[in-house]
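*Asks:* Each chain, written out:
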Amino acid sequence: MMHMSQSTQPPNALAYRKPELLAPAGNLEKLKFAVLYGADAVYIGGQKFGLRAKAGNFSLEDMQEGVRFAHERGAKVYVAANIIAHNEDFHEMEAYFRSLQEIGIDAVIVADPAIIDICKQAAPELEIHLSTQASATNWQTVKFWAQEGIPRVVLAREVSLDEIREIKKRVSTEIEVFIHGSMCISYSGRCVLSNHMTDRDANRGGCAQSCRWKYELYEEDLEDAQDQGGDMPRPLFAEGDEAFTMSSKDLCMVEHIPSLIEAGVESLKIEGRMKSVHYIATVVNTYRRVIDAFCEDPEGFTFQEKWKKEIEKAANRPLTTGFYFGTPTEDDQIFGAPPKMASYEFAGLVLDYDPGTQMATIEQRTHFRVGQEVEFIGPKRENFTQVVEKLWDEAGNEVEEARHAMQKLKMKVQKPVKPYDMMRKEK
Amino acid sequence: MNKRKPELLANARDVEEVDKLFEAGADAVLVGDETYALRMPGNFDLRMVQEAVKLAHGRGKPLYVSMNALFHHEKAGGLEGYIRMLDQAGVDAIVFGDPAVFMAAREAAPGMKLQWNTETTSTNYQTVNFWAKKGVSRAVLARELSLAEVIAVKQNSKIETQIQVHGMTCIFHSKRELVSNYLRFQGSARQEDGHESQLFLKETTRDAHQYPIYENRHGTHIMSAEDICMLEHLPGIVTARIDSLFVEGMFKSTKNHLRTVAIYRQALDLLQEQQDKVVHEAWIQELQQMQPEGRLLGTGFYFKEQIY
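First to last, the protein sequences are chains D and F.
At position 52 of the first sequence (counting the first as 1) the number is 52 in our numbering, and the numbers step up by one without a gap.
At position 264 of the second sequence (counting the first as 1) the number is 1264 in our numbering, and the numbers step up by one without a gap.
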């Protein structure tokens, strides 16, 4: 007995189940990077029934390869089929879900109850997750969907951390929340600005982001508004003022991962099927490290500023914690010209490394040259920076710069690198 | 010829308006408490609901109560208690969007009729039938459907369908205080001059359109730039056996709202007698004259193609 108690952890030691880190993948390349950089699961869009009409999207063949790649590395693949359907959209939907089931897709993300029903009938083995587009904001609603056989609900982005704790106390349904990326400023699914202003159906992938446009705000007396004539509307802005707009800063919860894990959230989701490979790799890599660091030693965990800095290297907009700690204010919106972000860009991809010569083979993604400082990032390891000292092209000629997209070059690196490591440079 | 009349439904600002709406020819009236309902012309506390039910039932007509908000933890716990009180008051149906209301109603008032209305996401007959299987008695269809889509939903669904035939529609709902945020960002405060005022947005490259915008406890709401007017198209709607036709009273004076309902009443009655040429040009003109300056009457999405 003595021996046993000595070898186990003290009874009050904190231990948390690791939540899933769920990353977006707009295409097969992004899927591979997301998985290699530490995503436990990725979500993708098919050719149909998803909300990102322009996100590249996967053919069934690509899906098959993506599933094989992910499953070999212990990661899952979800498919978003989160449109709000019209009558005409049901054509071929059953066959689609049957194909997804056959391919081995791990779950579909659905918003429209009609699609839930169709999926259940056509592909009973396929797990269904409720999309954030359904705007689930309370535990009673989560329970409703649980009774419909939905094992996981993606909460509305309007739910606070306290509300998540309450939901987790009341229901055993898996809870998925967004931790990073762009946000609808409306309740998701409850905005048809795009339909009215551009005839594009927002809830079927046509969103024109009309919320981020510029508007003028006016006030008029109600009597004047109801009857004709009367005073002119008064502008609620002066000349030179910034325009009214409804552009949200991007969500970033990198500093609050422990709170979300303590609340019992099962899946932490990154937004951005349209984002670049560099963005996906950087963001996934960082959250992977934060989650691992906390779960390995919850009591000894301290947040490191370098994680925030790393996230900022790929950020497209200023960052906010959204609704997690209260209703967002003017400080969580962007007025006027958006500030320049993303100080770094993807310069080259490591294809190969020879430990004997310390030479890396690099495929060019943006122009770089000898004398420039570059930074290498790779899955689950520390970044390092160095200066590009010498460059050789494929024929072995020494060159001054990497001019051509996808050009293969060799350069000496100061620390070992691996295929799929990335080289970035300051813009 | 089809002799079945659709229900003419209107929402009301106060108890007096409920009575007058019935007088003007409404078959049913919808009211709501701002705590639970989104975008109603007036705020009905429980006592007002009780009075409205009495008035409605005195005329042999139904009274519906809207509870179509999205509920957060703070309010979700109170749903059952409120529904129980509505049930005791004799309310004929509850309108909901959040499944939490459905869950609460099943517990608190199993016999209560439920009407499903999420504004933007009731777009196909299969979803309508999903709710039909759950015992919901009516679906309020999204305003972004074409008339052909509406008719197909009606033909393929097992429960009542309701569409909007007149007035403004909601096109955006955020939980954020987007007007206050902007004014705080500008460092300006709105001057309260005692007048009831209305705000609107203009998109700077399309300055003909004015989108009403306002804030309340549920966040920020943006409304359509045009009012729907389907008076001329009532024959097709009646032939398609759409069950309920809604006239929106938001941001309208009682006088104009009542007159609008009366015109639709006359048109529907006339349609029972003769199917062709039921719309008097004078009615259209009268409806147009009621419109505030710069606010057009249109047919919304009923005859529009959308892309995506």
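If you're looking for bench data, these hints aren't it; they were derived computationally from the structure.
Model, not experiment: these values are computed from the prediction.
We treat Cβ as the ideally placed atom computed from N, Cα and C, and that holds for glycine.
You may find that some hints are simply not true.
Coverage of chain D stretches by chain F, computed from C-beta distances (three or more under 8 Å per stretch; other residues unrestricted) [to be verified]: (1) 80 to 86; (2) 189 to 198; (3) 232 to 239; (4) 287 to 296; (5) 360 to 370; (6) 392 to 400.
*Asks:* Could you run down the list of hints and mark each one as holding or not?
*Replies:* Hint check results:
With 3 residues having a beta carbon nearer than 8 Å to a beta carbon of chain F, the stretch 80 to 86 of chain D meets the requirement of three or more and the stated coverage holds. With 8 residues having a Cβ less than 8 Å from any Cβ of chain F, the stretch 189 to 198 of chain D passes the three-residue criterion, so the hint holds. Against chain F, the stretch 232 to 239 of chain D contributes 3 residues with a C-beta closer than 8 Å to a partner C-beta. That satisfies the three-residue criterion, and the hint holds. By the rule of at least three residues with a Cβ nearer than 8 Å to a Cβ of chain F, the coverage given for the stretch 287 to 296 of chain D is violated, with 0 such residues.
For the stretch 360 to 370 of chain D, the assignment as covered by chain F is violated, since 0 residues bring a beta-carbon within under 8 Å of that chain's beta-carbons and 3 are needed. As drawn, the stretch 392 to 400 of chain D meets chain F at 0 residues by the rule of a beta-carbon pair under 8 Å; below three, the given contact is violated.
Hint violations for this structure: numbers 4, 5, 6, all remaining hints satisfied.
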